[in-house]
Amino acid sequence: MSAYSIHLNVRRAYRPLVPSKRLKRAISQTLAAHQVRHGAALTLIVTDDQTVQQLNRAHRGVDAPTDILSFPS
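Each residue of the sequence shown is one higher than the one before, counting from 466 in this note's numbering.
Please note that a few of the clues may not be correct.
[What the hints assert, rightly or not] Computed spacing ranges between beta-carbons, pair by pair:
| hint | residue 1 | residue 2 | range |
| --- | --- | --- | --- |
| 1 | R477 | P530 | 25 to 35 Å |
| 2 | H499 | D532 | 31 to 41 Å |
| 3 | K486 | V527 | 17 to 27 Å |
| 4 | N474 | Q494 | 17 to 27 Å |
| 5 | S538 | A497 | 11 to 21 Å |
| 6 | V483 | L520 | 14 to 24 Å |
| 7 | H503 | V527 | 14 to 24 Å |
| 8 | A498 | G526 | 29 to 39 Å |
| 9 | H503 | P537 | 12 to 22 Å |
| 10 | P484 | D528 | 25 to 35 Å |
| 11 | A497 | R522 | 16 to 26 Å |
| 12 | D532 | P481 | 20 to 30 Å |
| 13 | S467 | D528 | 12 to 22 Å |
| 14 | L534 | V501 | 15 to 25 Å |
The hints are simulated quantities; they were obtained by calculation from the structure and are not laboratory data.
All C-beta atoms in this analysis are idealised placements derived from N, C-alpha and C, irrespective of residue type, glycine included.
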């Protein structure tokens, strides 16, 4: 069991390309290596440009796709 709360949301079309268990393990190891406190939570969404553009517009007011969106807790 991970010391972190890791939530993955992978768009159906990308599921064959994204090994969820391996990705969660890599995220957990990265958080531990950076000494992120236990109990911290991280959500990762793997989706298409259209969805990212909608999220970018809604949360940042920028009507364009982007590689990464991050939000403070």
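Q. Hint by hint, which ones does this structure get wrong, listed from lowest number up?
A. 1, 2, 3, 7, 11, 13
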